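Go ahead and model the full structure; you've got the sequences and the hints to work with.
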Amino acid sequence: MALVAIPFEMISVSAVVEFDYTAKEPDELTLKKGAIITNIKVQDGGWWEGTLVATGRTGVFPDNFVRVLETQDKTQVVLRDKSATLNRRCKVIYSYQENKADELTLA
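So for the sequence shown, UniProt numbering puts the first residue at 1; every next one is plus one.
Note that these hints are calculated values from the structure, not bench results.
Computed list of lysine to aspartate or glutamate pairs in EDC-like fashion (alpha-carbon distance at most 20 Å, straight line):
id: 1; residue 1: K41; residue 2: D27
id: 2; residue 1: K33; residue 2: E70
id: 3; residue 1: K24; residue 2: D63
Here are the simulated distance ranges between beta carbons:
id: 4; residue 1: V16; residue 2: E103; range: 14 to 24 Å
id: 5; residue 1: K41; residue 2: D20; range: 18 to 28 Å
id: 6; residue 1: S95; residue 2: V42; range: 35 to 45 Å
id: 7; residue 1: I93; residue 2: D27; range: 38 to 48 Å
id: 8; residue 1: N64; residue 2: L106; range: 23 to 33 Å
id: 9; residue 1: C90; residue 2: V42; range: 34 to 44 Å
id: 10; residue 1: D44; residue 2: V16; range: 20 to 30 Å
id: 11; residue 1: K41; residue 2: E70; range: 17 to 27 Å
id: 12; residue 1: A23; residue 2: N99; range: 27 to 37 Å
id: 13; residue 1: Q97; residue 2: K24; range: 31 to 41 Å
id: 14; residue 1: G56; residue 2: K91; range: 33 to 43 Å
id: 15; residue 1: K32; residue 2: T105; range: 25 to 35 Å
id: 16; residue 1: E49; residue 2: A107; range: 37 to 47 Å
Quantities reported herein were computed from a predicted structural model and do not represent experimental measurements. Glycine residues also receive a C-beta, built at the ideal position from the N, C-alpha and C atoms.
Rendered as structure tokens:
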């Protein structure tokens with residue numbers, strides 16, 4: 001599984017994408033849930049500017065589609081390459097009853 005390390009000094013504000021968003025203008029980023037955005041310039045008006053780690057593309061995006069990541073110390077942020085886990089299977093070891101529509105019941 002490939003890992004990407006990003007030195008802390010390069011990261012001012014980072015966020016993870018919570019919802020997909022399709023760019024409507026050339027200066028906007030198309031966002032996919034789970035993607036990481038770094039070097040974010042927080043701006044007023046509901047739009048921020050940042051760089052998608054996966055593509056290196058910089059652009060603006062709606063601030064309410066992301067969740068800001070907290071960094072506890074000046075260590076590296078390590079991101080897993082999701083392409084290595086696309087067909088991964090997992091075994092359920094504890095049962096779980098769904099509480100919301102976006103959850104799964106596990107038995």
